[in-house]
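Novice: Residue-level listing of the chains:
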Amino acid sequence: MAVARPALRSGAASRPPDGFRTVTTVVSLAAPVVLVAIVLVVGSGALPAIRHFGLGFFTSRAWDPVRDKFGALPMIYGTVVTSFLALVMALPVGIGVAIFLAQQGAPRIRAAIGTGVELLAAIPSVVYGIWGLYVLAPWLLIHVSRPLSTRLGSIPIFAGPALQTNLLIASIVLAVMVLPTLSAISRDVIRAVPSGMREASVALGATWWETTWKVVLPAARAGIFGATILALGRALGETIAVTMVIGNRHDIPTSLLLPAYTLASAIANEFSEATGTLYPSSLIFLGLVLMLVTLAVNVIALLLVRSISREARV
Amino acid sequence: MTRNWRRQLSNQVARLLVYLMAAIALVPLSLVLIYTVVSGLPALTHLEFFTNVERPVGIPGAGVAHAFVGTIVMVGLASLMSIPLGIISGIQLVEYGTGRVGDAVRLACDVMVGIPSIAIGLFIYALLVAPLHHFSGLSGAVALAVLMLPVVVRTTESAVALVPGALREAGLAVGLPRWRVALQLVLPAAVPGVVTGALLAVARAAGETAPLLFTAFGNRFMIFDPTKAMPALPLIVFHDALTPYPDLVRTAWGAALVLIILTLLVNVASRVALRRQISLAAKL
Chain A
1 MAVARPALRS
11 GAASRPPDGF
21 RTVTTVVSLA
31 APVVLVAIVL
41 VVGSGALPAI
51 RHFGLGFFTS
61 RAWDPVRDKF
71 GALPMIYGTV
81 VTSFLALVMA
91 LPVGIGVAIF
101 LAQQGAPRIR
111 AAIGTGVELL
121 AAIPSVVYGI
131 WGLYVLAPWL
141 LIHVSRPLST
151 RLGSIPIFAG
161 PALQTNLLIA
171 SIVLAVMVLP
181 TLSAISRDVI
191 RAVPSGMREA
201 SVALGATWWE
211 TTWKVVLPAA
221 RAGIFGATIL
231 ALGRALGETI
241 AVTMVIGNRH
251 DIPTSLLLPA
261 YTLASAIANE
271 FSEATGTLYP
281 SSLIFLGLVL
291 MLVTLAVNVI
301 ALLLVRSISR
311 EARV
Chain B
315 MTRNWRRQLS
325 NQVARLLVYL
335 MAAIALVPLS
345 LVLIYTVVSG
355 LPALTHLEFF
365 TNVERPVGIP
375 GAGVAHAFVG
385 TIVMVGLASL
395 MSIPLGIISG
405 IQLVEYGTGR
415 VGDAVRLACD
425 VMVGIPSIAI
435 GLFIYALLVA
445 PLHHFSGLSG
455 AVALAVLMLP
465 VVVRTTESAV
475 ALVPGALREA
485 GLAVGLPRWR
495 VALQLVLPAA
505 VPGVVTGALL
515 AVARAAGETA
525 PLLFTAFGNR
535 FMIFDPTKAM
545 PALPLIVFHD
555 ALTPYPDLVR
565 TAWGAALVLI
575 ILTLLVNVAS
585 RVALRRQISL
595 AAKL
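Each protein sequence line maps, in turn, to chains A and B. Here our numbering is used: the first residue of the first sequence is 1, the next is one more, and so on. Here our numbering is used: the first residue of the second sequence is 315, the next is one more, and so on.
Each hint should be verified, as a subset may be incorrect.
[To be verified] Here are some of the chain B residues that sit facing chain A, going by a computed Cβ distance under 8 Å:
1. 335
2. 340
3. 342
4. 428
5. 487
6. 490
7. 517
8. 531
9. 548
10. 553
11. 559
Worth flagging that the hints you see were computed from the coordinates, not collected in a lab. Beta carbons are placed, not taken as given, at the ideal position from N, Cα and C, and that holds for glycine.
Construct the entire structure; sequences and hints are all you get.
Specialist: Printed below as a string of structure tokens:
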């Protein structure tokens with residue numbers, strides 16, 4: 001009895017019809033379709049500004065809605081400086097927390113601290129904003145910024161007169177906001193380091209710190225780098241909290257104690273009052289730049305973190 | 315001997331530093347919580363805060379009832395749009411998501427979570443607000459739905475994936491079609507995890523300001539019609555905090571406290587639901 005056995009054939013052609021599969025697959029395409037639409041719609045909104053300014057947009061410091069002259073340099077500067085400083089501040093704490101959380105023992109305390117750090121991510125950004133503006137900013141001005149500018153004012157980055165809203169406080173608020181991203185992912189990568197490596201190191205007589213510093217952290221290096229880049233993506237795109245504390249001034253201050261601007265805060269602040277064609281389009285252009293940069297940063301970070309978890313599984 | 319002593323010392327110093335970092339990490343959380351409670355309580359102790367709408371500066375009895383309504387309407391509409399879509403996409407990822415489509419959906423979701431929320435506001439502005447020439451609660455809801463979708467998809471996927479394969483096989487073995495296995499056997503077993511994901515997405519949406527700035531825009535009046543500009547709690551915090559009037563700033567702190575209470579409640583609830591999911595999965 002020669003009966004054909006179609007089940008051995010692979011591929012869609014041999015699959016029995018499955019309406020459920022078709023329907024769910026079509027529905028699940030919503031996410032990629034929306035993503036593509038975001039890029040296309042924002043890109044087309046930016047077209048007038050792209051045509052008018054071209055690449056000169058990135059090197060111009062002008063921001064003159066009356067004469068229709070716009071440039072992104074101050075905002076790019078502010079975004080890069082605040083994000084960089086935020087990472088510098090958050091990295092040691094984030095990795096310290098991750099090492100602490102990845103250790104064995106005392107599960108209650110570890111769970112409590114882990115929950116505490118995760119809750120940082122749950123607090124709405126506008127709450128960080130109002131807290132930064134009314135609590136942190138006055139305190140920072142009296143206890144940090146003013147003393148810095150009077151004693152170390154000759155150093156350009158601490159030159160005064162110090163103001164309440166400035167690059168420094170924006171960086172500090174951002175550092176707090178990226179901390180949960182940094183520590184949660186770093187903890188996972190550190191946990192994923194094979195315990196055999198740790199045990200081998202301890203068996204050779206290494207102390208806990210020598211094991212952590214010379215064996216565990218180097219093994220988790222790429223993943224921690226990925227976590228850092230993911231945190232960078234969060235910091236670059238953070239809008240409301242930064243808008244409330246950075247001072248919103250179209251300027252490129254060398255001093256950290258002076259107000260500045262970021263890409264996201266310029267959009268948040270000015271978009272609803274932007275009139276004409278070129279003004280709103282320039283703001284959308286800022287948004288497009290911000291979005292493409294964060295997209296690139298996120299994809300790199302995801303690939304790094306994924307490659308780590310895949311290695312760990314093997 | 316001295317070398318060992320030095321190694322022990324640096325070990326202890328490093329251990330201390332790690333503990334110190336863990337302690338430092340809790341400082342900002344406690345400071346934000348303490349100051350928001352202290353500054354927000356005075357506004358919350360007046361019942362008018364929950365029943366009245368905004369008043370002009372200087373007139374007592376201002377409230378944020380309109381913002382409660384706005385947030386509930388917009389987050390509700392956003393949930394109606396994003397949660398069913400997200401749950402079906404999550405099921406698809408587990409049941410059939412091994413191919414190229416599944417990879418594309420996963421990558422799109424992971425990338426979408428990282429898109430700055432202000433860019434989503436711009437997207438919806440260009441898509442829905444500019445062509446219709448007016449701000450609306452509906453466009454705000456769509457912006458929030460775009461934010462929620464990837465969160466719901468990925469959490470549903472991980473919750474459904476936790477359901478043991480034996481349950482699925484048992485259903486298929488008694489001859490149930492795939493859709494009944496997925497919707498009537500697997501999904502009910504994954505409910506706590508799915509609810510967790512939906513709750514987290516709702517909490518995230520309720521606290522977002524940036525995507526609402528030029529979609530819902532805000533409003534000083536009680537509005538139930540989502541085709542008009544609508545107020546929201548985060549918008550009140552943002553606008554009122556930046557004014558020089560102590561009354562408005564107090565209202566802003568009150569609204570901020572309400573937002574924090576909401577998000578913390580949802581987070582605690584989602585943790586409970588997640589724990590139940592894990593124990594349920596262990597039982598099955």
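Novice: Taking the earlier hints as the rules, which of them does this structure contradict?
Specialist: 5, 6, 10 and 11
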